[in-house]
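K.L.:
Protein chains in written order, with this note's numbering: chain A, 1 to 369; chain B, 1 to 84.
To be clear, the hints were calculated from the coordinates, so they are not data collected in a lab.
We put the beta carbon where it would ideally sit given N, CA and C, even for glycine.
Some clues are possibly wrong.
Where chain B lies over chain A, by a calculated footprint (3+ residues, C-beta under 8 angstroms) [as the list claims (entries may be wrong)]:
id : region
1  : 22-29
2  : 134-143
3  : 290-301
4  : 328-338
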Amino acid sequence: MQNAITVSKYNSYINQIFASEEFLHHISVVGEVSGVSVSRQTAYFSLKDSSSSISCVCFMPSCFIDLKEGKQVVVTGSPNYYSKLGKLSFNVSKVQEYGLGDLYVKFIEMKNKLENEGLFDECFKKALPESVKRIGVITSKDGAVIQDIKSVVQRRDKSVDIVLLPCKVQGLGADKEIADCVSKLDEYGKVDVIVIARGGGSLEDLSPFNTEIVARAVFDCKTPIISAVGHETDFTICDFTADLRAPTPSVAGELLTCDKTRIKKDLKELMKKFNQSMVQYFEKQKSALKHKAEKINYMIDNMLNQNTYNLSIVENTLKNLSPKSLAKKGFAKIEQGDKVIDSCSKIMLKSNVNICFYDGQIRAMPLED
Amino acid sequence: MNYEEKLKKIEGLIENLNNPQNTMKKSCEDFETAVNLLKECNKELKENSGKMTVLKEELGSLNEEEEWEYQNYLAKEWKKRQQE
């Protein structure tokens, strides 16, 4: 225990070894670019071959153009041991193209083979159901992807169920697991649509989705499949074979659900407008009715006044024609038999006549003139 | 006999009353008939006028009542939808 050294001393010692090894200074290394990320004028990536990998850092933006996923390059630089964290990286000062990477070549070969077989043909693409009640998702149970899909679906339509069939989404055996999950979910038959999802990654990370076994499982699946693998810029064979490609897993969630909150809001607006229209309509009808009622009132008043006036005229006429009121003024009616005597010439002498007064009558005998 | 027929009859009786050839008895009978018919017409007119007044009042309150009911309905529906 007396011989133990501190971590700092250990790292300092390792650093000296790398610094003193001249062979490693300004050395050129061939490999395939993978997992490129650029931040603040610095590119971070891995350089790989079939069995090994190194972490690289490049501070020269002019070199970034050749740092493409899957590309075979020759990088020139020196190893750098970062004592503080005890990490070894390769500082790249120059990047030269060396040809396409193995993984990329395999990807292209597989794509061409399956395309020639017709696996990507539009005529085999199944339409997505109009109404989705249950979504089957094939992805890692621990990743952020399933959470993203859940949150999008829940936010937009709470009535949609998600059935998760967890599987490995990268590494050895992932392709077989993915293909098995597709077959199982298809046989299960209780999901309206299947989403194969994974977050972004290097060509190597996404390689399970570029395998023939996954492509054939997706092609044979009777349930419609959406492939939502990687970022918007990543394309996999699974994307080409699926019935629909979603640029990201979240977009897949959006494609399969309607935004019920938005629909509710629109409906409320529509109802408000409808109510306003109804109020306006009723106001108009009310006004028309009021106008008609006023017209009817006027006609009724007019008719009643006219009838009252007509009746009063009849009444006055009758008053003037009362036979007794005329007789009361001193006039009397002379009748002989059933004839009214209104002229001297009509009277028969020495024959009885009736003289009618307002209060009675008397008999009289007309004599010679 | 309806109102119009009665009025027509009165007009006929008035024509008779203007005829000097009618006896006193006939004139008195015609006059009495005409007065009775006039009374009936007057009664009918008053009754109808009363009915019309009631109808006019109903007509006036009809709009207000419906409007009140519709406003109430709208308010209830609106509240219900907002709760949903």
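K.L.:
Hints first: check each against the structure and report whether it holds.
P.N.:
Tested hints:
Taking a C-beta to C-beta cut-off of 8 angstroms, the region 22-29 of chain A contributes 0 residues in contact with chain B, too few for the three needed, and the coverage statement is violated. Residues of the region 134-143 of chain A with a Cβ under 8 angstroms from some Cβ of chain B number 0, which does not satisfy the need for three, so the listed coverage is violated. Counting residues of the region 290-301 of chain A whose beta-carbon sits less than 8 angstroms from any beta-carbon of chain B gives 5, enough to reach three: the coverage restraint holds. Coverage of the region 328-338 of chain A by chain B holds. Counting CB-CB distances below 8 angstroms, 3 residues qualify, and the rule asks for three or more.
Going down the numbered hints, you'll see the structure goes against 1 and 2, while the others check out.
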